[in-house]
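Colleague: Residue strings, one per chain:
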Amino acid sequence: MSKEQMTTTADDAIITVRNLSKYFDDFEALRDITLDVKRSEVLCLIGPSGSGKSTLLRCLNFLEQYDGGEVHLDGELIGWQDISHNPRKPLSGEALRKQRQHIGMVFQHFHLWPHMSALDNVAEALTSVKKLSKKKAKEAAMAALTKVHLEDKAENYPANLSGGQQQRVAIARAIAMEPQVMLFDEPTSALDPELVGEVLSVMKDLAAEGMTMVVVTHEMGFAAHVADRVAFLDSGRLVTCVPPEEMFGREPDDARVRSFLQTYRERNVV
Amino acid sequence: METELFVRYGPALLYGFGITILCWLAGSIGGVIVGFILACLNRWGPHALSWVIYVYVEIIRGTPFMIQLFILYYGGPYIGLVLSPVQAGITSFVVYGSPYFAEIFRSGFNAIPKGQIEAARCVGMPETRILWRIILPQMLVPITAPLTNFFIILTKETAILSVVTVPELLFQTQTMAAETFTFVEPFLALSLFYWLMVLVTGWIGAKVEQRVTRHLKRA
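Residue numbers (the numbering used here), protein chains in the order written: chain A, 1 to 270; chain B, 1 to 219.
Think of the hints as simulated: they come from the structure by calculation, not from any bench.
Accuracy of the hints is not assured; some may be wrong.
Estimated spans, in silico, between C-beta atoms of each pair [stated by the list, open to error]:
hint, chain 1, residue 1, chain 2, residue 2, range
1, A, GLN262, B, LYS217, 45 to 55 Å
2, A, ALA95, B, PRO46, 17 to 27 Å
3, B, CYS40, A, SER84, 48 to 58 Å
4, A, ALA190, B, PRO142, 22 to 32 Å
5, B, VAL52, A, ASN86, 28 to 38 Å
6, A, ALA190, B, ARG214, 20 to 30 Å
7, A, SER201, B, PRO142, 42 to 52 Å
8, A, LYS135, B, PRO142, 33 to 43 Å
9, B, ARG214, A, SER49, 29 to 39 Å
10, A, ASN86, B, TYR56, 30 to 40 Å
11, A, HIS225, B, GLY45, 48 to 58 Å
12, B, GLY80, A, GLN65, 45 to 55 Å
Note that the coordinates shown come from a computational prediction; the quantities given were computed from them, not determined experimentally.
Glycine residues also receive a C-beta, built at the ideal position from the N, C-alpha and C atoms.
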């Protein structure tokens with residue numbers, strides 16, 4: 001991509017995705033995705049299973065190596081050393097780790113480290129990556145846990161926390177690193193309906209504080225009320241990316257979007 | 001039962017027990033270290049190396065310990081490797097044990113959910129730190145029992161070292177039996193010594209298991 005394109009699109013975009021493609025062997029998981037995320041924006045990715053939402057999200061922090069196109073965070077190419085060179089060469093482990101520190105990630109199944117207390121889960125990277133002293137790390141970890149209203153569960157092991165609490169610890173673990181953007185991969189899909197609310201409310205707080213967020217979700221209510229824009233993916237393609245009022249407020253033009261949202265309408269979700 | 005025999009042969013038996021423990025501890029700890037390195041190389045090293053490791057594991061696991069010991073002790077000098085019986089005993093223990101330990105560690109690595117490792121990468125943790133802080137402490141849970149088991153098996157494998165004249169427990173017991181024409185007493189003593197080793201090993205294993213599974217207990 002040329003320099004002037006960068007500057008014209010990057011006015012206040014923090015993530016720019018250009019012509020992104022990704023293959024799993026012969027399967028085309030993502031085709032030619034182009035998308036911007038602005039600073040402090042909340043972007044929700046919706047779509048049917050297997051449509052590439054999670055793959056797209058995982059390309060943003062290079063958990064998946066994308067094959068074509070570019071992902072930039074704050075102007076910096078993610079994952080690859082330089083894309084003019086063919087085949088592409090990935091960044092060194094050290095450089096990739098630097099980039100990932102700016103990108104927080106929350107998973108569907110939490111992926112807490114079960115042998116560490118909630119506090120240690122949050123403090124671990126603060127000592128080992130940010131090189132804070134033990135004391136400073138504990139304080140910062142406690143502050144992050146307080147943000148997700150779990151200060152009284154700091155000493156609990158994950159096995160002694162509910163799913164909603166575990167996911168909130170996972171959010172605290174990510175935000176303690178003070179990332180520029182947060183990625184959420186179906187953060188409430190593994191939770192009892194009763195526990196979904198507490199996680200969504202923490203996410204709303206984050207959004208209100210101005211955190212840039214990309215959220216893969218099936219929670220249409222969250223998408224409708226919290227997102228600034230909603231992107232619909234189908235078969236690895238970006239079908240549309242519009243404000244929620246347009247996505248949910250009127251009958252969508254695209255037949256695939258219409259039939260997808262219909263299933264939610266029938267359940268009175270949106 | 002002639003208890004007087006034990007007074008006479010007690011020092012020799014105790015010396016043999018000492019040699020047995022030396023060979024067993026040095027050999028199996030060496031085996032653990034080499035096995036761990038093999039498992040790490042297999043997982044993180046270049047692909048070609050994992051083939052070499054695979055062949056090594058298959059050969060050592062596929063041949064009897066006694067043959068390996070013979071080859072090392074009697075064959076070694078042909079390639080300039082002259083070892084004392086005890087040195088040969090410890091070295092062959094390391095060679096014999098390491099593939100089994102490597103396999104135990106391999107299964108341990110595989111027992112850690114991939115998502116936990118991804119989560120660690122997402123906060124920028126280096127791979128070595130992930131190994132020490134995330135993988136190792138957790139893999140102790142599934143591997144403690146098989147490790148303890150193999151340590152126990154190895155206690156008794158030390159008896160084979162007597163064939164290359166390592167003055168270990170069985171060697172001393174046989175000497176005692178041959179010199180005194182008694183069999184019940186020496187071999188009873190021998191069994192008690194092994195049983196003591198197995199008992200202590202099992203007890204330590206259980207303690208370690210208790211300790212490493214702390215976090216799994218629900219409050």
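Colleague: Please go over all the hints and tell whether each is borne out by the structure.
Modeller: Hints and how they fare:
The hinted window of 45 to 55 Å between GLN262(A) and LYS217(B) holds, with their beta carbons roughly 47 Å apart. For the pair ALA95(A) and PRO46(B), the supplied restraint of 17 to 27 Å holds, since their beta-carbon distance comes to about 22 Å. Distance hint check for CYS40(B) and SER84(A): the Cβ-Cβ separation is about 36 Å, which falls outside the suggested range of 48 to 58 Å. Here the CB-CB span from ALA190(A) to PRO142(B) is close to 24 Å, well matched to the stated 22 to 32 Å.
Between VAL52(B) and ASN86(A) the C-beta distance comes to about 32 Å, which sits within the given range of 28 to 38 Å. A beta carbon spacing of about 25 Å between ALA190(A) and ARG214(B) agrees with the range 20 to 30 Å that was offered as a hint. A hinted range of 42 to 52 Å for the beta carbons of SER201(A) and PRO142(B) is inconsistent with their spacing of about 37 Å. Roughly 34 Å separates the CB atoms of LYS135(A) and PRO142(B), a value that falls within the hinted 33 to 43 Å.
Checked against the hint of 29 to 39 Å, the C-beta distance between ARG214(B) and SER49(A) comes to roughly 38 Å, which is consistent with it. Look at ASN86(A) against TYR56(B): about 38 Å separates their beta carbons, and that is inside 30 to 40 Å. Look at HIS225(A) against GLY45(B): about 51 Å separates their beta carbons, and that is inside 48 to 58 Å. Between GLY80(B) and GLN65(A) the beta carbon distance is about 49 Å. The supplied range of 45 to 55 Å therefore holds.
Checked against the numbered hints given earlier, this structure breaks hints 3, 7; the rest are met.
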